[in-house]
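Here are the chains, one letter per residue:
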Amino acid sequence: MSNDGTNPMRPYLGVLAGIKELAADIRLFQIELQNATGKAAFADYMPGQFAFVSAFGAGEAPFGITSIPGRGELLEFAIHRHPHGKTTNALHSLKLGDPVGVRGPLGNWFPMDEIKGKDIIVIGGGIGGAPLRPVISTILDDRENYGGLTILWAARNPSLLIFTEEYDSWRATPRTDLHLTVDQRPPDWREGNEGLITTLLENVGPSPKNAITITCGPPIMIHFVALSLRKLGFTLDQMLVTLEGRMHCGIGKCGRCNLGDIFVCVDGPVFHHSQVAGLMESFL
Amino acid sequence: MMFMTHDDLTTWLDHLTKELKVIAPRDVGKGHVLYRPVTNSSEITFDYTRPDLSAKEFLLPHTERLMRFEKRADQLEMHDLSCEAEQIIFGIRPCDAHGFVALDALFRDQEPADAHYSQRREMTILVGMACPQMWEGCFCTSVGGAPDDPSHLDALLIPVDGGYAVQTVTDKGEKLLASADFKEVTDGQDRTLPEIPMNEIVPVLPPEQWPGHFDEDYWMRLGERCLSCKLCTFICPTCRCFDLRDEPIASGANLVVHERMRVWDACTAPNYRTIAGGHNSRPLKGQRIRNRYYCKFHYYPQDFGPLGCVGCGRCVEVCPVNIDILEMLSTVSAMQRELDVLEAEVEL
Numbered sequence: 001m002s003n004d005g006t007n008p009m010r011p012y013l014g015v016l017a018g019i020k021e022l023a024a025d026i027r028l029f030q031i032e033l034q035n036a037t038g039k040a041a042f043a044d045y046m047p048g049q050f051a052f053v054s055a056f057g058a059g060e061a062p063f064g065i066t067s068i069p070g071r072g073e074l075l076e077f078a079i080h081r082h083p084h085g086k087t088t089n090a091l092h093s094l095k096l097g098d099p100v101g102v103r104g105p106l107g108n109w110f111p112m113d114e115i116k117g118k119d120i121i122v123i124g125g126g127i128g129g130a131p132l133r134p135v136i137s138t139i140l141d142d143r144e145n146y147g148g149l150t151i152l153w154a155a156r157n158p159s160l161l162i163f164t165e166e167y168d169s170w171r172a173t174p175r176t177d178l179h180l181t182v183d184q185r186p187p188d189w190r191e192g193n194e195g196l197i198t199t200l201l202e203n204v205g206p207s208p209k210n211a212i213t214i215t216c217g218p219p220i221m222i223h224f225v226a227l228s229l230r231k232l233g234f235t236l237d238q239m240l241v242t243l244e245g246r247m248h249c250g251i252g253k254c255g256r257c258n259l260g261d262i263f264v265c266v267d268g269p270v271f272h273h274s275q276v277a278g279l280m281e282s283f284l
Numbered sequence: 285m286m287f288m289t290h291d292d293l294t295t296w297l298d299h300l301t302k303e304l305k306v307i308a309p310r311d312v313g314k315g316h317v318l319y320r321p322v323t324n325s326s327e328i329t330f331d332y333t334r335p336d337l338s339a340k341e342f343l344l345p346h347t348e349r350l351m352r353f354e355k356r357a358d359q360l361e362m363h364d365l366s367c368e369a370e371q372i373i374f375g376i377r378p379c380d381a382h383g384f385v386a387l388d389a390l391f392r393d394q395e396p397a398d399a400h401y402s403q404r405r406e407m408t409i410l411v412g413m414a415c416p417q418m419w420e421g422c423f424c425t426s427v428g429g430a431p432d433d434p435s436h437l438d439a440l441l442i443p444v445d446g447g448y449a450v451q452t453v454t455d456k457g458e459k460l461l462a463s464a465d466f467k468e469v470t471d472g473q474d475r476t477l478p479e480i481p482m483n484e485i486v487p488v489l490p491p492e493q494w495p496g497h498f499d500e501d502y503w504m505r506l507g508e509r510c511l512s513c514k515l516c517t518f519i520c521p522t523c524r525c526f527d528l529r530d531e532p533i534a535s536g537a538n539l540v541v542h543e544r545m546r547v548w549d550a551c552t553a554p555n556y557r558t559i560a561g562g563h564n565s566r567p568l569k570g571q572r573i574r575n576r577y578y579c580k581f582h583y584y585p586q587d588f589g590p591l592g593c594v595g596c597g598r599c600v601e602v603c604p605v606n607i608d609i610l611e612m613l614s615t616v617s618a619m620q621r622e623l624d625v626l627e628a629e630v631e632l
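These protein sequences, in sequence, are chains Y and X.
Following the numbering used here, the numbering of the first sequence begins with 1 at its first residue and continues without gaps.
Following the numbering used here, the numbering of the second sequence begins with 285 at its first residue and continues without gaps.
One should not assume that every hint holds.
[What the hints assert, rightly or not] Per the computed footprint, the stretches of chain Y lying under chain X, defined by three or more beta-carbons under 8 Å from a beta-carbon of chain X, are: (1) 10 to 19; (2) 251 to 259.
[To be verified] Beta-carbon label-pair distances, calculated as ranges: (3) Asp142(Y) with Tyr502(X): 50 to 58 Å; (4) Gln34(Y) with Gln493(X): 46 to 54 Å; (5) Asn606(X) with Leu96(Y): 51 to 59 Å.
It is worth saying that the hints were derived from the structure and are not from the lab.
All residues carry an ideal CB built from backbone N, CA and C; glycine is no exception.
Can you build the whole structure from these sequences, using the hints too?
Okay, structure coming up:
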């Protein structure tokens with residue numbers, strides 16, 4: 001078999017060019033691809049797409065890409081170390097300059113052009129914020145072409161909130177609001193609210209008029225966020241979600257991520273909630 | 285009609301095994317027959333029913349080395365691992381060859397093509413042996429096959445009085461059989477497959493009618509018996525779920541070698557649909573059995589074309605708790621008949 005890129009399971013070689021602590025057990029991995037074919041493949045990936053990151057010798061796992069091409073060549077992934085996760089543990093033990101593999105970009109993306117001119121409500125829960133950061137970056141870098149941007153950001157506790165360093169720049173951008181909430185607020189934490197994201201959402205109460213919501217988080221959160229949005233007058237067609245499936249191949253072959261007759265990896269991961277609601281098999 | 289005596293066949297197979305990798309039914313003891321590599325015709329059994337395992341592993345190995353990673357200091361070298369040379373699967377049953385149609389549709393024909401599968405498929409020649417009868421649990425005729433179906437083979441041998449009737453199907457098959465000693469049947473004797481008793485046709489609901497039965501309680505009742513042992517998926521000619529794993533191969537002071545393996549997986553496993561945060565959208569055994577059957581009879585044909593079942597009957601034979609695909613097919617058809625009656629009444 002040749003090394004000319006005809007093997008879709010072969011990752012592109014990269015090195016770890018940056019590591020940033022984002023939150024408790026969550027790190028931002030910045031990867032520099034090493035050869036021209038890899039760079040060409042990732043020249044114009046889109047917000048919402050994902051890729052497999054390899055810790056060579058431990059394995060590879062799919063992660064939402066959290067960077068955008070417009071902000072530089074480094075590919076960024078926000079990766080939460082799972083106590084029993086072979087790959088995430090191995091990734092977290094890597095040091096700068098270590099080789100890593102990247103396979104992608106895969107899946108569909110948020111229709112950033114279609115939603116121009118609309119108010120955008122971005123709703124992220126925990127590590128679910130990772131694939132939403134490219135949506136936020138894209139809007140901030142093209143601010144005049146989008147309506148109001150409301151970011152609702154949640155985590156179980158403040159130590160799990162991600163991209164905290166960027167909150168000031170988000171808030172400082174015109175027509176952009178950031179609302180934070182945590183399940184349980186420590187006494188000394190004043191930055192946001194306490195309670196579930198659905199409570200925050202109903203309190204903030206965004207208008208459905210000419211608006212689109214983009215949600216990522218645990219399935220149960222996606223479900224209840226949709227119920228709250230319905231209360232606020234949003235239709236299912238106004239809600240975009242991104243789902244997960246713990247894929248092994250990302251190209252519709254391994255079978256792992258099916259929900260009924262669709263595959264999250266190739267038919268998604270981005271869906272209109274109306275599609276999700278119509279699935280034969282529930283994502284819940 | 286071409287004809288070959290048994291002696292001509294073994295002579296030809298002895299010749300083939302010297303030149304190529306030949307896989308054939310082999311008696312591995314205690315009455316078990318498996319498709320296995322053979323080095324001469326004496327290792328082949330010609331008196332067999334369906335081998336315990338399908339021939340799937342020769343196109344989609346249970347453990348397949350995809351890539352090798354060699355790490356020296358901070359330098360990493362990545363090597364694609366290639367497949368073996370040309371192989372002949374001799375004596376493959378028509379249902380097992382039919383199973384490759386489902387695998388072809390997904391791994392070879394659906395973009396992007398899987399490099400390993402496609403290459404191995406290209407290098408594989410299928411010489412089938414027609415079944416002299418349908419055995420217990422066989423239902424190939426219910427899912428578009430037949431005991432003497434040549435469609436998915438390169439050549440088919442049909443056991444007849446005194447030897448084998450030979451049917452070449454593809455150019456590949458014709459080229460391979462050019463080296464065999466045939467006799468054109470000129471004596472007017474009937475050397476076609478004798479009429480064989482067929483098993484009863486099981487009603488198989490067409491793919492588009494399955495969604496209406498997804499929420500039936502039946503699936504959960506069926507699931508109560510399931511042990512999630514995954515046997516049905518591993519012995520199935522078309523089940524293709526796979527996992528990827530990096531395994532250590534060698535390590536020394538200056539070099540660490542790992543290989544990325546593709547290994548068989550099973551959608552009936554309890555944690556199959558578990559995602560980040562531990563959420564499992566398919567925690568019930570009944571949901572997982574339903575997924576497996578829907579994959580075969582609704583998802584697979586809808587998404588890729590072919591049915592995901594060839595009627596080999598192995599899952600009926602192997603299930604430790606007697607979950608029976610034939611009983612399931614009949615039940616679903618009965619549910620559809622009830623639905624049809626209800627709908628007819630509504631129209632009246």
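Look at the Cβ atoms of Asn606(X) and Leu96(Y) and judge whether their distance stays inside 51 to 59 Å.
holds (58 Å)
Three or more residues of the segment 10 to 19 of chain Y near chain X by CB distance under 8 Å?
Satisfied; 3 residues make the cut.
For Asp142(Y) and Tyr502(X), compare the CB-CB distance with the range 50 to 58 Å and indicate the outcome.
holds (53 Å)
Okay, Gln34(Y) versus Gln493(X) on CB: inside 46 to 54 Å?
Hint holds: Cβ distance 52 Å, inside 46 to 54 Å.
Outcome, coverage hint (the segment 251 to 259 of chain Y, chain X; C-beta under 8 Å; three residues):
Our answer is that it holds, as 8 residues pass the Cβ test (under 8 Å) against chain X, meeting three.
In summary, the structure agrees with every hint in the numbered list given earlier.
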